[in-house]
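Asker: Dock chain B against chain A, hints included.
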Amino acid sequence: MNFFKRAWLNIWAKKGRSILLILVSSAILMFVLAGLLIRSAAVKATETAKNDAGATMTLSANRQAAFKKMSQSSSSSSSKTSRPKLTLTPVKLSDATKIAKLSNIKNYNVTSSTSANAKSYDTVSTTTGMGGNSGGPGGMKSSTSSGDTQIDGVTATSLTTTFSDSQSKITKGRGITASDKNTNNVVIEKELASQNNLTVGDTMTFKETSGDKNTVKVKIVGIYKASSTSSASAGPMSTDPSNTIYASYTLANTIKGSKYAGTADSVTFNVTNPAKVSATKKAGNKLISSKYSLSTDDASYQSVKASMDNVEGFANKIVWLVAIAGTIILALIVILMIRERRFEIGVLLSLGEARWKIVAQFFTEMLMVIVVAIAIAGAGGKFVGNQLGSQLVSQSTTTQTTTSTTSGQPGGGQPGGTKGSGGPGNMQATSTKTKDPNLEIAVSAVDLAELGGFGLAITFLSIMIASGGILRLEPKKVLFS
Amino acid sequence: MLKTQDLGYWYQDKTQPLFQGINLTFESGKSYAILGHSGTGKTTFLSLIAGLDKPKEGDILLGDQSLKQIGLTNYRRHDVAIVFQAYNLFAYMSPMNNLLTAMAITEAKHAGDRAYAKQILNDLGIGDDLIDRNVQHLSGGQQQRVAIARTMCCDARLVVADEPTGNLDEDNTKAVIDQFQRIAHEQNKCVIIVTHEPDVAAQCDHQYRLENKQFTELA
Chain A
1 MNFFKRAWLN
11 IWAKKGRSIL
21 LILVSSAILM
31 FVLAGLLIRS
41 AAVKATETAK
51 NDAGATMTLS
61 ANRQAAFKKM
71 SQSSSSSSSK
81 TSRPKLTLTP
91 VKLSDATKIA
101 KLSNIKNYNV
111 TSSTSANAKS
121 YDTVSTTTGM
131 GGNSGGPGGM
141 KSSTSSGDTQ
151 IDGVTATSLT
161 TTFSDSQSKI
171 TKGRGITASD
181 KNTNNVVIEK
191 ELASQNNLTV
201 GDTMTFKETS
211 GDKNTVKVKI
221 VGIYKASSTS
231 SASAGPMSTD
241 PSNTIYASYT
251 LANTIKGSKY
261 AGTADSVTFN
271 VTNPAKVSAT
281 KKAGNKLISS
291 KYSLSTDDAS
301 YQSVKASMDN
311 VEGFANKIVW
321 LVAIAGTIIL
331 ALIVILMIRE
341 RRFEIGVLLS
351 LGEARWKIVA
361 QFFTEMLMVI
371 VVAIAIAGAG
381 GKFVGNQLGS
391 QLVSQSTTTQ
401 TTTSTTSGQP
411 GGGQPGGTKG
421 SGGPGNMQAT
431 STKTKDPNLE
441 IAVSAVDLAE
451 LGGFGLAITF
461 LSIMIASGGI
471 LRLEPKKVLF
481 S
Chain B
1 MLKTQDLGYW
11 YQDKTQPLFQ
21 GINLTFESGK
31 SYAILGHSGT
41 GKTTFLSLIA
51 GLDKPKEGDI
61 LLGDQSLKQI
71 GLTNYRRHDV
81 AIVFQAYNLF
91 AYMSPMNNLL
101 TAMAITEAKH
111 AGDRAYAKQI
121 LNDLGIGDDL
131 IDRNVQHLSG
141 GQQQRVAIAR
151 TMCCDARLVV
161 ADEPTGNLDE
171 DNTKAVIDQF
181 QRIAHEQNKC
191 VIIVTHEPDV
201 AAQCDHQYRL
211 ENKQFTELA
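Protein chains in written order, with this note's numbering: chain A, 1 to 481; chain B, 1 to 219.
Isolated chain B (complex conformation):
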């Protein structure tokens, strides 16, 4: 589904790349974890496959089409959904409006369908009493679940998450990872999670470690 071809990235100095010559394949219906220490470039890699930045060398293909051809804005709108560590919800909206807004922007097939959005929120444990409350009044775990719900309501085939459990306790972490697994297996989406927690990574179908500018698949 998603392929990287000789992918490389550096900030200032080309001679000191974060990673170089990366060739990975990510498939639908599977979850992937990318592990690594701080500063190794795993979030930068995520920003590239999320279409938030352009590679310095190499290419990223969705199917057999380069992201350059698709256009990053188009790609973000239709093909990828992102979950952030800091949730990054629209602070002035309710969970319901967060979902409806995302569905409208991404031109999802259920755009404007409140019942569909409500169902997703309910499935993720956001009850009726919470769906019209301002998101700032929700707990961290609830906000992260709303962020996940936002990715589920859109039609994106690829879901990328940057440290999605970084701010959550053990119970919420488990619930969130379970949810990502369901997205991958039940909705046949490709889920890529960047994390520094081995326990979280262990629950994913595949684990890669970014180390010394190269990705290594863990057994």
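Excised from the complex, chain A in its bound form:
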């Protein structure tokens, strides 16, 4: 394999030309690698979005069906004095359990909200609020009186979007967990705690707003801090967000009355694979009656996915455009190189060297150049990828995504256990907070292998294009010209 030695001797003897070739190849491969890195980072970010952004499915009363029933009864009613009443059926936990058994369900959060009046403490008064009136998720409060303290019953605070999105944070003690079921443990807001000198371990009492108006004694197990934006959904009739107390849904049901035992305003299911949320909803709908409805919220995932799809598509274009342009550039360089080395080729042919070995010599020379270029591109590709990637992401995430989560549920609850809002029948549109997709550009062995593949392909193609000259070259014309 004498052509290896010839290739090395040529590369070594013509250092200046070799360095220039290395620089050109490095620039080409650096952009190829940047494209590859952005593409793989976008794929990874989309995967991460599946886990982080996630998607939820909410089981709640079917308000559309309830309205329909109400309007039918009002048209058939002869009495003009009796007003039609919207009757919503609370979600049975037994139905929720059936859905929870579906394969794509990671976990679920039961939400049951109510209100009570403060007894052993003073509520935080707000300057803008009209005080005292709030609604729970799912609009279930339409038939109950309102108190000055909002009680959000949940399975676990960590499963609510308020806490998982860090809009609220536990600052002392702990949050509500599944083990708090059938207990009177609560988590109160920091401002309410400091106003009443309450801390973890203390007890407080409030009074039910309906029925026997019993006094309920609860134990504080944690204190949370709500961010200022958490009151964004509060209307003029809502209570100050600091007056919201988190408890187990069983406590909320107890306060609401005995008929609410084993029910919930809504149940939010966290879906394992957001890409399959529609199929899961379809399967879930088969398990419930028409009195309930299942709504989905995968806006966060879709938003991240859409922007990552854009980035991935653009990265693919970069890879292919640079690869094609690089092949053409390198082919032109090799063609020029071969033209200036036609005497050498002629002498090789006059010595009886096979033409394929001459092509192999040029290929080996370019291969040596490409190997060094891959190493340089590997070092610099991450930097270029980072710059290009962050630019692409910032461009693709400028569009704010606003989603309506109220499919078929006027005034319906907010999936994910977000705090309830407004009065009865309140139509609610929420702006979903989407996490900014972050491209983590890192050069892995796979990326380098892929880059090596591209480098080889570019070298091979450019040599093949240029070798037409070698194959056609007539040594007599060159050597005796």
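Be aware that a few hints might be false.
[To be verified] No farther apart than 30 angstroms at their CA atoms in a straight line, the calculated lysine-lysine pairs in the DSS-like style are these:
1. B:Lys118 <-> A:Lys14
2. A:Lys190 <-> A:Lys172
3. A:Lys357 <-> B:Lys56
4. A:Lys92 <-> A:Lys276
[Said to hold, decoys possible] To list a few chain A residues with every Cβ distance to chain B over 10 angstroms, as calculated:
5. Asn2
6. Arg6
7. Asn10
8. Ala27
9. Gln64
10. Thr209
11. Lys213
12. Glu312
13. Leu349
14. Ser350
15. Ile376
16. Leu448
17. Leu471
I should point out that these hints are in silico values taken from the structure, not numbers from a laboratory. None of the values given here were measured: they were computed from a predicted structure. Glycine included, each C-beta is placed from N, C-alpha and C at the ideal position.
Answerer: Same frame as chain A, but now just chain B:
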């Protein structure tokens, strides 16, 4: 050793051949000079017997085998060595690597033998201080001697040279021709030199003049 049978060649027009019906025999251990004015076709004739082109008519035989049967690439690799007026060495190599490369390509029996290549170079006046220097740093005479050394290190039975002294001064010309004579007589090879210099031709064993499309042997 090498015979041409009714050899003919033309470029565009068959009716205007450079030469036609050429029947010559070249023997081992002898040197031949081919003289002629510019444009008579002597270099074309050389390219045919060097296996760099195919005859338009007739045949060339090495022993009793046609070059068509041997294959031009095979023939160039094993049977013929060429010296050019412009030396045509590998510019990015040293004299030593030029020889080693030629020996490797032609699959010479001494392929890879540095000592053998060094001996040949030393014999031709390329000293130890020059054998690993880039050939571009050598004088014209030295480069031509390296080109001759390249033909000597290979096992080719036929050595053809196209105006090998065209770029050399009188002293170097004499040295180069002496070397070709040694190749023919001492190594029992057939040496064919194309030249337009009668003085150079006069030193060869046989002289042919290409004139009016025919070869004529000079007395």
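Asker: Against this structure, judge whether each hint is valid.
Answerer: Structure-based check of all given hints:
no., hint, result
1, B:Lys118 <-> A:Lys14, "holds, 25 angstroms"
2, A:Lys190 <-> A:Lys172, "holds, 9 angstroms"
3, A:Lys357 <-> B:Lys56, "holds, 28 angstroms"
4, A:Lys92 <-> A:Lys276, "holds, 25 angstroms"
5, Asn2, "violated, 4 angstroms"
6, Arg6, "violated, 6 angstroms"
7, Asn10, "violated, 5 angstroms"
8, Ala27, "holds, 25 angstroms"
9, Gln64, "holds, 83 angstroms"
10, Thr209, "holds, 96 angstroms"
11, Lys213, "holds, 102 angstroms"
12, Glu312, "holds, 45 angstroms"
13, Leu349, "violated, 7 angstroms"
14, Ser350, "violated, 5 angstroms"
15, Ile376, "holds, 24 angstroms"
16, Leu448, "holds, 31 angstroms"
17, Leu471, "holds, 13 angstroms"
Against the hints set out earlier in the document, violations occur for numbers 5, 6, 7, 13 and 14.
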